[in-house]
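Please build the complex by placing chain B on the supplied structure of chain A, with the hints as guidance.
Top to bottom, those sequences are chains A and B.
Those letters in the first sequence? Residues 0 to 529, by numbering that gives the first Met the number 0.
Those letters in the second sequence? Residues 0 to 266, by numbering that gives the first Met the number 0.
Please note: incorrect hints may appear among the correct ones.
[Unchecked claim] What follows is a set of in silico ranges between Cβ atoms, one per label pair, in the way DEER data are often shown:
#1 Arg7/A x Thr58/B: 51 to 59 Å
#2 Ala94/B x Ala326/A: 53 to 61 Å
#3 Pro53/B x Arg7/A: 50 to 58 Å
#4 Leu242/B x Leu82/A: 58 to 66 Å
#5 Glu368/A x Gln64/B: 40 to 48 Å
#6 Ser315/A x Met161/B: 37 to 45 Å
#7 Glu368/A x Asn182/B: 25 to 33 Å
[Said to hold, decoys possible] Just so you have them, the derived chain A footprint on chain B, three or more residues with Cβ under 8 Å:
#8 144-156
#9 193-201
#10 222-236
Keep in mind the hints are simulated off the structure, nothing from the lab.
Each residue gets a CB set at the ideal place from its N, CA and C atoms; glycine is no exception.
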Amino acid sequence: MTSSDRVRPAAITARGWGWRHAGRPRPAVNGLDLDIRPGERVLLLGPSGSGKSTLLHALAGVLGDSSAGAGDAEDADETGSLLLDGAPPRAQRGRAGLVQQDPETQVVLSRLGDDVAFGAENLSVPPAEIWQRVQEALDDVGLARLPLDHPTSDLSGGQKQRLALAGILAMRPGLLLLDEPTANLDPAGVLEVRDAVGRCLDKTGATLVVVEHRVAVWKDLVDRIVVLQPGSATDSAVLIDGAPDQVLEQARDMLIAAGVWVPGHVPRTRARTSRASPAPTDPEARPAGQLLLVAEQLAVSRERPRRAGLRRGFRSIAPQPVQSGIAAQVRAGEALTITGPNGSGKSTFALTLAGLLPPVSGAVSATVELSAGAGIDPHKWSAQQLIARIGTVFQEPEHQFVTGRVLDELMFGPRHLGYGEERVDELLERLRLTELVDANPYTLSGGEKRRLSVATVLAAHPQVLVLDEPTFGQDANTWAELASFLSELLDAGAAVVSVTHDEEFTAVLGGTELRLDAPGHPEPDKVLRP
Amino acid sequence: MREALNLHGNHALLTRANPLAKFTAVFLITLVLALSIDWVSASVALAFELLLFPLAGLTLTLLWQRGWPLILAAALGGWSTAILAPDTGAILFDAGIWSISAGSLELGLGFMLRGLAIALPAVLLMSCTDPTDLADALAQNAKLPHRFVLGTLAAMRLVGLMAEEWQTIGMARRARGVGSRGNPYQRLRATLGQSFGLLVQAIRRASRLAVTMEARGFGGAQRTWARPSAFSGLDVWVLLGGLGIAAAAVAAALGAGTWNMVFLAQQ
Numbered sequence: 000m001t002s003s004d005r006v007r008p009a010a011i012t013a014r015g016w017g018w019r020h021a022g023r024p025r026p027a028v029n030g031l032d033l034d035i036r037p038g039e040r041v042l043l044l045g046p047s048g049s050g051k052s053t054l055l056h057a058l059a060g061v062l063g064d065s066s067a068g069a070g071d072a073e074d075a076d077e078t079g080s081l082l083l084d085g086a087p088p089r090a091q092r093g094r095a096g097l098v099q100q101d102p103e104t105q106v107v108l109s110r111l112g113d114d115v116a117f118g119a120e121n122l123s124v125p126p127a128e129i130w131q132r133v134q135e136a137l138d139d140v141g142l143a144r145l146p147l148d149h150p151t152s153d154l155s156g157g158q159k160q161r162l163a164l165a166g167i168l169a170m171r172p173g174l175l176l177l178d179e180p181t182a183n184l185d186p187a188g189v190l191e192v193r194d195a196v197g198r199c200l201d202k203t204g205a206t207l208v209v210v211e212h213r214v215a216v217w218k219d220l221v222d223r224i225v226v227l228q229p230g231s232a233t234d235s236a237v238l239i240d241g242a243p244d245q246v247l248e249q250a251r252d253m254l255i256a257a258g259v260w261v262p263g264h265v266p267r268t269r270a271r272t273s274r275a276s277p278a279p280t281d282p283e284a285r286p287a288g289q290l291l292l293v294a295e296q297l298a299v300s301r302e303r304p305r306r307a308g309l310r311r312g313f314r315s316i317a318p319q320p321v322q323s324g325i326a327a328q329v330r331a332g333e334a335l336t337i338t339g340p341n342g343s344g345k346s347t348f349a350l351t352l353a354g355l356l357p358p359v360s361g362a363v364s365a366t367v368e369l370s371a372g373a374g375i376d377p378h379k380w381s382a383q384q385l386i387a388r389i390g391t392v393f394q395e396p397e398h399q400f401v402t403g404r405v406l407d408e409l410m411f412g413p414r415h416l417g418y419g420e421e422r423v424d425e426l427l428e429r430l431r432l433t434e435l436v437d438a439n440p441y442t443l444s445g446g447e448k449r450r451l452s453v454a455t456v457l458a459a460h461p462q463v464l465v466l467d468e469p470t471f472g473q474d475a476n477t478w479a480e481l482a483s484f485l486s487e488l489l490d491a492g493a494a495v496v497s498v499t500h501d502e503e504f505t506a507v508l509g510g511t512e513l514r515l516d517a518p519g520h521p522e523p524d525k526v527l528r529p
Numbered sequence: 000m001r002e003a004l005n006l007h008g009n010h011a012l013l014t015r016a017n018p019l020a021k022f023t024a025v026f027l028i029t030l031v032l033a034l035s036i037d038w039v040s041a042s043v044a045l046a047f048e049l050l051l052f053p054l055a056g057l058t059l060t061l062l063w064q065r066g067w068p069l070i071l072a073a074a075l076g077g078w079s080t081a082i083l084a085p086d087t088g089a090i091l092f093d094a095g096i097w098s099i100s101a102g103s104l105e106l107g108l109g110f111m112l113r114g115l116a117i118a119l120p121a122v123l124l125m126s127c128t129d130p131t132d133l134a135d136a137l138a139q140n141a142k143l144p145h146r147f148v149l150g151t152l153a154a155m156r157l158v159g160l161m162a163e164e165w166q167t168i169g170m171a172r173r174a175r176g177v178g179s180r181g182n183p184y185q186r187l188r189a190t191l192g193q194s195f196g197l198l199v200q201a202i203r204r205a206s207r208l209a210v211t212m213e214a215r216g217f218g219g220a221q222r223t224w225a226r227p228s229a230f231s232g233l234d235v236w237v238l239l240g241g242l243g244i245a246a247a248a249v250a251a252a253l254g255a256g257t258w259n260m261v262f263l264a265q266q
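Excised from the complex, chain A in its bound form (with noise of 0.2 Å):
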């Protein structure tokens, strides 16, 4: 290391600092008093609500930039002051360098190389200069194997942040800005991009704020962590704040209690009553174990068949399958838990087994017990025939929203199957709705949308239930809610299938996993425990 690496860290002042967003009643954060030291690595920590994203960028001096967007800058409010190194952080272009959630809207060009040299770019760096920063910057993320015209779209989710964070780093900036970087991604993501901020921050002494619910991942990275708390006008608006020893042993209950993972701390979660039959007295139930749904030599893939050109006399072509040979169960009160890296066609699989894809060759067929004269292929059931058979949760809750109110979209599916309305009051108390049902799916907070949504499907009451990555960026008590109302749907007879990382999860749930490999052959069906 030269001394040369290291960048002139960024010092932060707030002072009664406040913002409220244009056209919301309440701000985002208010009276908020907080100096970060150059140099410091900062866990920021706190509810949905309290502020967070707000505070991460306006230190980004993205926040209601009144060269662009004047008319928000019109209506929102900002009180007192925030300062980096003693000026306002708009006026600092490049100063700070911010890492958001969805990698795919890190990305800005389609070229690796450029897109690492755009901020670069855009700060006025002479071109020379410009591109030893880019192989320096790829170098610290570890992506300097690939080549500078290696497409971009071709990434995995955690190689589009390191990417992201080599964009920031070629921008030298004093002051690195985290926003729930690893919440969309696997394991081994997580830990890659965990790790290239960690040497980042080694080499070059930056100041880090970081935002992020798993505490154990930052934990040993960070020397200080500060707990927000939902903006009011008279309590302060940092709640706690000290060293991360200390924090979580002074506050951890009050951050259990607001859903923070905290080190060492597995949330409560009902346990698995039966694998047995269920009360003779639900006619709806079926007995436990009963074969519902078979997908045998399977090979799936998200592409269509294209058609071949003239010479071949348009002759249709099977895609290329992401997985194949895949044989798997789904029974009544059993989990299948489908588990295995990216690319792996996990969710490819899922959707197949859940008659929303096409199968590229094999089968998935339903038992009668399952179909109940509906044909055996899931694919070709009607939409309606669907959705009271098998019911799917997509990873992204937005993209299955089809009205404008709670209570409507839970309405959605026994309206149209013409039966079931009356088990959606049971699900609103259940799942915590009843308070938010005239709200509009699109405004509620990530923990709701994600109980939204399998309410929602569960509301036309299917059998069996797939849930693609369902507790990918949930707080803790989402987490073990969700986890609690599936081991409750298991016991009642449904059988559960989930595509999912969580080891923990997984464990709740029981049942049997199915691990695929990265293209080629799926291991044996391995048991859990039951």
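Using the frame of chain A, we list chain B on its own:
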């Protein structure tokens, strides 16, 4: 360093020409062809364009894959002109209101060849030009505002993502009981709903991307360019080539007496 950046394995000669020079050459050819409907100028231009294929790293198979809608449209346009244009000369085929005469057939053929001759250069241009290089040239050489050019370029990348998103939203909605099957009205409703879902996602993505770009210092008045877009000797040849093809097309048509200015054409 610049040499390391290239177009998905295409190393043909024209990939090294400046996008702006290629664009100007294509514009010249298109301009001439837009002026006259006749088969001589169109055929001459088309013949030269086919000769340029290897220089752009394009093959007939690739051409069909990338340009089939344009090729079909040209053929369809020619056919409908042939049967619908007013008859002049000998009648070759007659089925009531549809008839083909020597005159209308010539017009239809001219129309089709012209359509192809105008469409091919566009396919040629895009197959040997990386969008990033085109944006560099537009901002640096043509001096278009860089905020606009780079903003468009970044948004273009999201278009590919939107195609994937469309498929996902379609499946997600089927999983909610919204069928894309049924009568045309139901299908239209389903498509409208899906479009709205896509629009919401597109706006979310776009605003997040805007924050990303702004946080990387985008939007200032000054910036440097890591990939300087310059002209070389090759670009002179590209321009001369475009000019030559255009001139040859006009000269051949004038010589053959078929030059037929669109705006002066008598119906």
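Okay, the hints, checked on the actual structure:
no., hint, result
1, Arg7/A x Thr58/B: 51 to 59 Å, "holds, 55 Å"
2, Ala94/B x Ala326/A: 53 to 61 Å, "holds, 60 Å"
3, Pro53/B x Arg7/A: 50 to 58 Å, "holds, 54 Å"
4, Leu242/B x Leu82/A: 58 to 66 Å, "holds, 59 Å"
5, Glu368/A x Gln64/B: 40 to 48 Å, "holds, 46 Å"
6, Ser315/A x Met161/B: 37 to 45 Å, "violated, 25 Å"
7, Glu368/A x Asn182/B: 25 to 33 Å, "holds, 32 Å"
8, 144-156, "holds (count 3)"
9, 193-201, "holds (count 3)"
10, 222-236, "holds (count 6)"
Checked against the numbered hints given earlier, this structure breaks only hint 6.
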